[in-house]
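K.L.:
Grab the two chains, each in its own frame, and use the hints to assemble them into the complex.
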Amino acid sequence: MYGNTGKIAKIDLNKGTFTVEDTTPYLKKYLGGRALNHILLFRETDTAKVKPFDPENVIVFGAGPLGGTTWPSSGRFQATFIAPLPYSGWGDSNVGGAVGPQLKFAGWDNLVIKGKAAEPTYLYIEDDKIEFRSAKDLWGKGIDECMHTLHTRHLGSEVILIGPAGENLVKFAMLRTHRTSSMGRTGGGAVMGSKNLKGIVIKGTKGVKLADPNKFFELSLQCQRDLMDPNFGMVHSLTYKIMSKYGTPGITRLIGQTGMVPIKNWNECGLWAQDGELVEYIGDKVWQRNDACYTCPVHCHGAYRIEDPVYGCFSGGPEYETTCALGHKCLEPRSKVVLKINALCNDLGIDTVETGNLFATLMEWTEKGIIDDKFTDGVHMSWGNGDGMIALAEKIGKIEGCGKKLSEGPYWLAKELGEEAMKYVYHQKGMCATGVETRSTIGSMLQFALSPRGSHHLSGLPTAEWVNIPAIAVHITGFAEAGDIRSYHPEGKARLVQFYENLFELPDSLGICKFNFGHLGYWHDRPEDIEKMWDYFTKALLYSTGTTFTKEELMEIGERAYQIERAVITMRGIRRQDDMPNWKCLNQECPGEHPAGPNPLPPIDKEKYEKILDKYYEIRGWTQEGVPTRKRLEELGLKEVADVMEKKGVIPGKSKPQK
Amino acid sequence: MEKLLLFNPSKCTGCKTCEMACSLSQTGVCNPASSRRRTISFDEDILDVPMQCMQCGNAACMNICPTQAIYVDPETNAKIKNPDKCIGCRMCMIACPFGAISVDPLTNKIVKCDLCLGDPACAKFCPTGAIEYVPADAYSLTRQREAIKEISKMMSTIAKGGA
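So the protein lines, in turn, are chains R and W.
Letter 195 of the first sequence, counting from 1, is numbered 195 in the working numbering, and no numbers are missing.
Count along the second sequence starting at 1, add 1000, and that's the number in the working numbering.
Be aware that a few hints might be false.
Simulated pairs of lysine to any residue, SDA-like, Cα-Cα distance not exceeding 25 Å [unchecked claim]: (1) K336(R) to I1046(W); (2) K514(R) to D525(R); (3) K206(R) to C1089(W); (4) K203(R) to V1049(W); (5) K141(R) to D128(R); (6) K285(R) to P1066(W); (7) K209(R) to L1106(W); (8) K203(R) to K1003(W); (9) K1011(W) to T547(R); (10) K29(R) to N14(R); (11) K114(R) to V644(R); (12) K1085(W) to E1075(W); (13) K203(R) to F1042(W); (14) K245(R) to N1008(W); (15) K608(R) to Q624(R); (16) K398(R) to G378(R); (17) K203(R) to Y1139(W); (18) K245(R) to K209(R); (19) K206(R) to R1145(W); (20) K1109(W) to E126(R); (21) K49(R) to R632(R); (22) K245(R) to K1003(W); (23) K203(R) to N1108(W); (24) K1109(W) to I1046(W); (25) K336(R) to L1106(W); (26) K245(R) to I1040(W); (27) K398(R) to D137(R); (28) K1003(W) to R225(R); (29) K539(R) to T1027(W); (30) K423(R) to K245(R); (31) K539(R) to Q1026(W); (32) K29(R) to K398(R); (33) K336(R) to G142(R); (34) K245(R) to P1066(W); (35) K264(R) to P598(R); (36) K1011(W) to M1054(W).
Just the calculated beta-carbon pair ranges, DEER-fashion [as the list claims (entries may be wrong)]: (37) T538(R) to V1103(W): 57 to 65 Å; (38) P1135(W) to I619(R): 32 to 40 Å; (39) N1058(W) to A118(R): 56 to 64 Å.
Worth flagging that the hints you see were computed from the coordinates, not collected in a lab.
None of the values given here were measured: they were computed from a predicted structure.
Yeah, the Cβ is synthetic: ideal placement off N, Cα and C, and Gly gets one too.
For reference, chain W alone in the conformation it holds in the complex (with noise of 0.2 Å):
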């Protein structure tokens, strides 16, 4: 089953390790401007949201790039950009729909994420278990028994004449 990296805003803390972890092991300096994910925060609301590539299916920024720099990696599924076709025309930065691919200052290029091939840092580094790399049908479950407690408080709310 492939594994997907996907990300849970309700467990995150907004400690922002990510950004560092994937600077770090992506760069080699730790600069969240160079994160090939980042973690926005929403004061007022009390909300953290992890942000990052989604490895889309049908991907706009691969479907649209002139120059077919960016391809999928057979072992990971990631959509992985090639630096020696890129012409940095910046065309896959306007058409993802999240935001999630950005220039680094440091060298001017466009750059995403690219699953760190198959071994993401973020996940490994994340505190809470906000951001996962598991198994496709391994998640759903997880999300469905998670789902399923939240329906069985529910349930008894109502049973005893609540809500």
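Same shape as in the complex, but just chain R (with noise of 0.2 Å):
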């Protein structure tokens, strides 16, 4: 098989087994990586009923088709899974960095890994070899020490890992690969601790083949060049020159511009003035060099040392996502202190952005007077207290104190807690946002509300709208309010939102990297670019698997992905009312500092919001509470899934008439 490399390893860890299925039958329908592993994880398991931390709850990874070539950012490495820390259940992560191309090079598509070790494990794979190895000596150390010990152990092996707080179940634990590179939403990392295993170890010698590699070598070559050009599109030039010295915190300004930063726990939005200090501090003084994931040349991370008698550290990062969570939503001003938070992070194994989400929650309720001090062990949650926010992550980290209910996150703290308490949590499905203010750009707003894994922008980040681009709106919708950041226009939202739902759901399933797929058309402002880079993946498709694969085709993959997510959630109790944005975007207004649209921001017009969500579940062939059809379902080949959902009664049989 060209592309794909033709296997995916099926590991039992209850008998220390695997067995080895056919990748070919699949490519057509779901390319590989993301799309492939949702189907995958829906016939592995009981997806409507299994339990985050149960033994037969599946993770399944994923590479993809375009992973370990000469492709741009073809590092990408995607996590399926149900999740601890959203409601909704739904677990997926992606990460950047090279295990995804080692583990194609060792001969494997995909993993799916079920069961429980009976002790602490590592896999570790060399080509064909699937060996599970004792981590009784790598069980309750960080992840920066696991690494090193790991990487020379096994010399050219790249390895993904937990660390303390997956190994003990905190809902928002993380999996770490390279210095860098973190699948840090939803909780696979508690998942992997539930099941004893400590990481995956890959060593590769096999490669990948491909179709035409002579067409595929100058393709990805046109497209490197393409991406690093300065010319090459609107938002791209700007977004490549920040991005490649100054990383993803570098386009802090860009977006608080919109207002899309969110600040002092979404209470406050847009420019900070904070933003230039830490972007320089960042870009300037602390990253000795930047870093790129596999074969990628934007190398947006960066990696730290800082020397200093308290907040000395060396990691990889931040990324935006972690500036904004721990730095504006928690009114940090102190960088310095930003990324010492961020190094302990790294080597507990926590997601910075829920673990930012949390302080930020804390100190709201400090403030509100919902929690005292003896919540937090004594450590007093005021705004900006950056030294409580270090003594917490290491309690969360290791479920010492206070941080054993911390663990849980905010979501889930708030339920003990009340109603009251749960106003301030900045959640959909019980995941709070990222660096986002969702009140700011009607779009982005529906696409959170409805992400299945929960607040987050990268099920569908509707960018024609936020770089507020009418003709690409106009191209997608048809409608040139769709790129309006303050319409309602029911049509042209709904319809912008799913296109980009379906088409954000490629890039991870062919293994590339979403910044980079973007950049190569939808986030240029001439719709011409957008058909260039159908031209490149349909090509880059041909050329690596050998098989022709159209627009249309390619579109419906996505979408087919998307409905799978739906299907899970709607069987686990998921409805329209989960879609509703949270009390803080319904009723409260949010001023801040930035040039575009009104100060402050206003609530949410439920009425309005509701009439775009009737169209958007028109739009995707849902009942008006937000459940697939079987009709839908059907037409896009996903009849098993319509069957399983009838067998829990999420959808009327064929033969009743449906309500």
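P.N.:
Structure representation (structure tokens):
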């Protein structure tokens, strides 16, 4: 097989054995990576019922047909599982680095891991060989030390690992690979921990075969040159110039101008006085040099070493999401403190985004008198108390003292504390938002609220709206209003969001970076650039896999993947009410300095929002409760999904009339 | 002027595109294990070094080869292995001071860089200019200019009474 390697390993931790499945039949319908992960998860476990920490839960990893090639940024790696953090239970997380390519070099496209090892274990994969090795000597230790140990023990390998937080089932525990790359969101680290699985070490020597190596070589080189060309596309030229030096923190002011950057736990938004200092501190002072994921010309990562008696540390990152969560949302102005907490989270294995969201929520609860200092073991969580954040981060990772309850994350804590506490948790479906003020842009609000894994931008941020490009919005939806950040145009917004949701499944399924995917087309201001992007990817797939894919077929693969996500979460009880914006979005205005939009931003208009939702459900082929219908699922070739949903009583049987 | 394949670790971001480009152009398969060059990462030092065959003038691999299987290409000055003469004794691997000669796991044969016959894929693909294929004099002049910038920075620090 070309592009993909042709093999899926199904690993049973209970027995310490594995079986092999052929990838070939999946290619045309699921490509690989994310979309393939989804259907494998659906088939391998009872996604309607299984609890995140049950041994029957499955964690699927996948690389995608462009992964591990000369294609720019071919290092992405996708995990899919039933998650502990969002109450929807949908778990997915994606990472760069080089672990995905290494899996393919070893001859595997996907790993399906189920069961629970009897004792701490790590998987050692070397080409066809998959071994279950003892991780007793690594258990309880930080990721930095374990990564060093394993890289030295297995020279030339790539490693993905959990830290003490994952072992301790912290609901927002992450997996990390490389210095600078983490699968942060939804709590995959804890699912690994519940399986006694410390990590995966991969060393491959078989490589990825391509259908037309010469044409692929030339096309990928041309694509790399386009990505680095300062005159290529509008938004891209801005982001490449900034991100290749300052990383994602470099775009803080750019998006702050649209009012999109949240400040003080989403009580304010826009530009923050500390923005400039933070960005320059990272890009100019502490990053010794830029770091790249596999085959990526953008090198938006960095690593740092800070010499300081209190805040001294060595780690990778931070991303914009980290600086926003620990800095902006918590009002911590000192950059080196933010970087110290980032280093701690990286070593303990906790998601910096949800950690920042938790601290910001604790600060607001403290201010409102919902909790007192006893709740946090005597640490007074006032705004900007970075030293308190450092103390609590360690307690969370090691579940010491109050760390045990804090390890549940803000949503699950508020479930215990009551309705008043829940008002200040800026979440959707149980997971707090990434660094975006969703009241600023109506399409983003819809996309964040719908996102199966909870509030975040990666399930389809409608970029034609937030960079306000009417030409692209018209090209996609037929409505110029779709590109206006304040418009509640039902059909425009609904079509825009569902389009981007389907689109954003593709880079994760191909095994490439979402940023570069956007840079190549949908972040441009010229519709003709979009056609150029499709030309790139249909050709890249032809030359790598030898199989023809049209633009329409690719978009259908995207929709198929999204509908599986929705099917799973509706089987787990998600309905229309869960697609409504959170309390703050509906009831509070948000003041802030930014040139775009009104100040303060008004709350989301519930009635108008519901009109968009109605239209969105209609376009998706869902009921007005947001449940996928058999008709739409069967049109997409997902009869097996409809059958399971019917068996679970979520959609009506064929013979019965639909309510 | 002879062209040289040279690397600059301070420009390397560790993306390893060079390994992919090398293996794809040499073998038709994307496989770092078949690559004629490797980028070595030192995580704790935030350092990646693109290692490669230096095409030494008085090449140890060539001198030690018992069957004279390694010869000099007159156009590029590359030291190229003749597969018909190679007996697979691996003496060249042992002799190379840079570890730049390896065994391709797919063919189990000794492989080494041949400068892609004058158009090296690694240099073409390197996105940061950490790997360059340039005329020797141009390279020296560029490095000298860079060095002078560093020296002038030091001089101005000294003039201000620093250091």
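K.L.:
Return the numbers of the hints above that this structure violates; sort them in rising order.
P.N.:
5, 6, 8, 9, 10, 17, 18, 19, 22, 24, 25, 30, 32, 34, 37, 38
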